[in-house]
Every structure is written in C-alpha cells, then in structure tokens.
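Chains A and B, in that order, give the protein sequences.
Using the working numbering, you'd call the opening residue of the first sequence number -12 and step up by one each time.
Using the working numbering, you'd call the opening residue of the second sequence number 713 and step up by one each time.
None of these hints come from the bench; they were simulated from the model.
Quick reminder that beta carbons are idealized off the backbone N, C-alpha and C, glycines included.
Hints may be right or wrong, so weigh each one.
To be verified - Here are a few chain B residues that face chain A, going by a calculated C-beta distance under 10 Å: (1) Ser821; (2) Ser822; (3) Asp830; (4) Val831; (5) Phe850; (6) Pro928; (7) Asn964; (8) Gly967; (9) Gln976.
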Amino acid sequence: MKRLLGSFGALSALVGLLVLGGSVPARGEDGVTDKEVILGAGLDLTGAVANWGVNIKAGMEAVFNRVNDAGGVHGRKIRLIAYDHVYQPPKAVTNAKRLVERDKVFAMMGHLGTPTTKAIKDYLEEKQVPDIFPATLASLWTTSGKWHVGDLATYVDQTWLIIDYLVKDKKIRKIASFYQDDEYGLDGHLGGKARLKHHDLTYVAEVDYKRADIDFSSQAAKLKESGAQAVILQAVYREPPRLAEQCHAIGYNPLFIGPSPIVLDKTIELGGKHVEGVIGVEVYPLPTEPGPFLDLYRADMKKYFPNLALDTTNLYGYQKAALFVEALQRNGRTLTRDSLLKSIESIKDWDPGWGLKYTYGGDNRRGMSRSARLVVVKDGKWTKLSDWMELQEGGRK
Amino acid sequence: MAEILTSQVVSGLATGCVYALIALGFVLIFKATDVVNFAQGEFVMVSGFISYTLLVWYGLPYWVVLFATIVLSGFMGVGLERLVVRPIMDAPIFSIVIATIGASTVLRSSAGIIYGYDVLPLPTIFSKDPIRLGILSFTAMDAGVIGSSLAIMLALYLFFKLTKTGMAMRATAQSQTAARLMGVSITRIFSLTWAISAAVGGVAGVLIAPIIYLDPNLGLIGVKAFAGAILGGFGSIPGAIVGGMLLGVLENLSGYFFNAGIKQVSTYILLILVLVVRPSGLFGAASVRKV
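Chain A extracted, bound-state conformation (with noise of 0.2 Å):
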C-alpha cells in the first residue's frame, strides 16, 4: 500500500510537472512557417445551407489565390483547409479538433453558422486559436472572449432596424417572428423581443422551424390566424420561400422582411413570385455596384472560379478574406496569434474600397462600422430600398 501510494505521489509530482511546463508557452506559432500561414474553416458544403458554404469558401480563396499569385504577404503564402460540417455541431466540433490538432492551423477563418461556431467556441478559446471572421453575425460574438472577430452588424443590430422600419416607417403594429429554433433564429428572435418591449409591443405569433424542416404549413396557419402583418424572417434561404409559398396558398400576405442570411439569389431562384417583395438587410454592398473593390472582386471570381455566379453569398467570404489580408499585410513578417489580433485592432476607418468603413479597437470585435441597408426583391432582383445606415446597438434585453 505503502509502495502504491509513493508510485503515486511520484506520478501525480510528475504530471504536475508536464502540466506547468506545458503552460510555459514555448511559441514557434502552429501553422507559420517561413513560406506559409495555414488557415482552417469548418464549413457546410453537403447540407441544409451548402449554397452559403460553397460560395463563402470560393470567395475566401479568390482573394487567397490572387494573393498567392503575388508571391504571398510578406513572403507567406496563404492556405486554407477547409471541412464539410454539414451546418451539425457535433460535426463542426470534430473538423476543429482535426484542424487545430492534426492539421495544427494557424486560425479559424469563416467558419460558418451560429450553431456550429457556438459548438467550437470554447474550445478555440481554451486553445488560443483567433476564430476570425466568422460567417455568423450573432451577437455572441461581441461577449464569446479575446480569441474571436467579428466583423460585420449582428443579427440583433439587424433586427432592431427592422423592428424600427416596421413600427415607425410602415406603422405596423402586428409582428410575428418566424425563426430557426437555435442560437442563429434565437439570436434576432430574442434581439427582435426586445425591440418591441421599448416600443411597448409585443410579438403577435412566435413559431419555430427545425435545421433543415421542408414543410412550413403548419407555420402558416399559425401565423395567418395571428393576423400578423409583417413576419420577420429569422431563417436562411431554403425557408422563406417555402413559407410565402404556404402562406400564399392559404390566401395570407404579409409583409416578409429578415436579416442578411435570406439576402442571396437563392433565395428569388426557389421562390420565384412567391419572395416579390420580400425585404431584407444587407450589410455589405451588392456585388453588382460600381467601386474598385468590387471590381476586384468581380475580375477575381472570374479569373478563379469563372463557373460561379456572382453573388452576395461569395462576396461575403470575399470581404473577409481581404480584411484578413490586410491585418496580414499590418501585421509584418513576424507572425504570431497576439500580434494578428493586434494588427486587427490596428484597423481603424479602413474602407477596402467599396465606401464601407472597418473599425477595431478596444472592445469591439466586430469592425464593421455597424452599416447596413435595407434591399427588396423587386422584378426577381434584390434592389436597394434604403441608403445605408449607421445601426445603434442593439441587445437581446
């Protein structure tokens, strides 16, 4: 008992020793070297939202290959390994480990969907791997810790601009939400309460969906019998026009309005006259408008992915890219994940070149300077309703 009892003083002294030499940080930075900086992204390329998937790898890697193409920023080349997580969590939690273990990658960059970055999220955090960029705009990201960027308004801001339009622009008072029951719908669902509360009103009709439900009539019979006039649409782009669809079908039009994820050209190719009239927010430009980085843009998807149609879904992986190429840029050759999130801070009133500002700094993470605008699908185009505006904050209480 005795000789099991020392054995074991000496092996816990042991372990005690592998665990404080362990928290010495001994930095030659996972995933730099001398010709590289390695990037990972967990992505949906197979399932419920592979269209925003595909399309926000495509954009990332035009902006990579162009780059590339140029010999690299400051002699690195950039590579992006990216995994399918089909919009799972379980899933999105394995490819991280896989990414951050095995592939030992220097970031996360775009990881896409609330859901499946939430699952990630701590353990990134207790890895130190900067989550940058992800392709969610939940308002979790401004309170998740120091290893995670944002960079454009959330959900939240978004759904309190159009809670606003709604109540004071169009005088509606009867509002339904319709939201994807997990942290992504929750998120402006939540954000969208509140906003009605300052404005002493409260949702007509609440109604879930399911990740990848196919049938809303149930939905909308509920939200017709509510008698809601404008339904916000907290969902992506498979759901809107399955929903006007179903609601047309029982003689209900509302008024559909949502946030940024419903503002693709997936969405008017599924529903065709069904989404005439369907607003959303848009937090960066539409990839059709004049400016020098859109042209950019423009000649880099045809140049590199030349099958692609232009769209706001690539646009969006785009823009992420090149903010990440310009705090690469900030950053100089001494590379390590203290030194990005400096260079990141360090970006303040910078405009790519498409009259949008990007500001970090202190405790904002999200950069973007909270700018956004309202687009309607108009002749089966999205087309601007409003100019761009200046969000204030919003919050979920």
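Got chain A; can you put chain B on it based on the hints?
The following block gives chain B in isolation, referenced to the frame of chain A:
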C-alpha cells in the same frame, strides 16, 4: 379555424400521399423478396434529378419528361437489383439490406458530385396559387399530388388484380416454391418488382421535388415513408398507403397545435404507440408461429 384546419389536412394529405408512394415501394420489394430496400428514398431523389436534367438541361416538354423519368427510374431499379442484390441473393437477408444502404450512399454522393449539394427548384405544371372550395382551401399542386398518387395506386391495384404478370407477382409473394413449380420465372418477377418500386419512387420524386426542392439529401424523406410503412403494418399494401397518409396529416396537425419540436417527433411517438397496441401495425397480419 375550420378553414385553417381543413387546409392543414389537405396539405398533410398531399405530403402523406408521397410518403405512401415511397412506402409502397418498400412494401412491394419486401413482399416479393423479403429485402428491405434502404435505397428507396434515393430512388425518389435520383428520379428528381433525372427529371431536372431532362426539363432544365434539355428543355423537354413536361409530359415527355414525366414518362421518361418513370421509365428510367424503372431501369434504375432493375440495375440495382442486377448489380447489387442478385449477386448476393444467397447471402443472409441482413447482408442484402446493408448492401442497399451502401447503394443509397453511392447514389447520394454521385448526385452530389454531378449536381452539387445546392438546392434546386424543379419546375412543375401544377400551380401553387390558392384554390377555394367552400371551407376547403388548397393549391392545384396539392390536388395534383393527391390525384396523381391515387391514380398510380389504382393502376397498381388493377395491375396486380387483372394481369397475368400481376398474379404471378402475388403468387411469388405468397410462396416462391409454389410459384416456381407453376412455371413462374422468379428472377424475372424480382427484376420486375424492383422496376415497379423504383418507378413508383420516380413518380414520388417528380411530385415532391417541386414542393420541397431538389437536393442530394432529398432521399432522407425515405426514413419517414419507412415509418409510414411500419405504421400501416410492414408488408401490407393498403397499410403502406394509409400509414403514409396518416403520417402526413398527423405531422401537419401536430405542428399546428404544438411547435416544430413536437412536429418533428410526433410521427415516431405515434409509431411507438401503435406498435405497443398492435405490434404488427394497423393493417399487418399478426404473425402466428406454431411451436
């Protein structure tokens, strides 16, 4: 209220009819060959893509596409039977079932490689505009789906009842040995069964894909149809039809009275309840075994 409820029932019936068609495919193959074909859902998906290719890529007229899709789906069924099932016909049933699961994965991935994983809208001749008849409110799409499904079921019924081949198939389902002794070619009947099942799945694909959009994961709808087939009593043709329809309606109503979470599990709750009370399903013959 009444109007909303009836429209819920009608649109549930439309989805339920599609479940019923897929469930029929399961049951036909099971009755004839004792195999549960887990690629049945993929028949639906592949036929959706066949009609998409003919309609959108080649611009053929709708009726030609419908006919061609059914025929091509039939060939797909025969192909699967010849390539995957027949070579291992003497293996335990369990191995064959696993082989069909493998086939379903291959079909799904192939569709993904060829068409990508994005959702595609499949054109249809049925309008999605509302039609009102008294307190009934539905779309031409719903009516079209229900009508076409019933027509297919009727055609199948007549085929089994009136034709010689149909009788041979029923005979094979009852006793393969006796059928063979009567001069029925069992291998031909097997091929034909797979062809019919896949063709029925093909109809389901053409009907459902315009409603829920087309993508390589469309075949997952087969899981619900399978539940429908069990609900009705696996092995019973009327059971598959009633079970599928019941499922569609129940799904809609539970979504209406409760929330999306309940809607998702309601079918399985019902399934368990029915199986507890009637282990052989609604229409299934209780299996009595003499010991």
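Outcome of the hint check:
1. Because the smallest distance between the Cβ of Ser821 of chain B and any Cβ of chain A comes to about 9 Å, under 10 Å, the interface hint for this residue holds.
2. Among the interface hints, the one on Ser822 of chain B is violated; its C-beta lies about 13 Å from the nearest C-beta in chain A, farther than the 10 Å criterion.
3. A least Cβ separation of about 5 Å between Asp830 of chain B and chain A falls short of the 10 Å threshold, and the interface hint therefore holds.
4. The interface hint given for Val831 of chain B is met, as the beta carbon of that residue sits about 6 Å from the closest beta carbon of chain A, less than 10 Å.
5. Contact between Phe850 of chain B and chain A, as hinted, is supported at the beta carbon level, the nearest pair being about 7 Å apart and thus within 10 Å.
6. For the restraint placing Pro928 of chain B at the interface with chain A, the shortest Cβ-Cβ distance is roughly 7 Å, inside the 10 Å limit, so the hint holds.
7. The beta carbon of Asn964 of chain B is positioned within 10 Å of a beta carbon in chain A (closest approach about 5 Å), and the interface hint is therefore held.
8. Annotation: Gly967 of chain B was flagged as interfacial toward chain A, and the flag holds, the nearest CB pair being 3 Å apart, inside 10 Å.
9. Given the 10 Å rule on beta carbons, the hint for Gln976 of chain B holds: about 6 Å separates it from the nearest Cβ of chain A.
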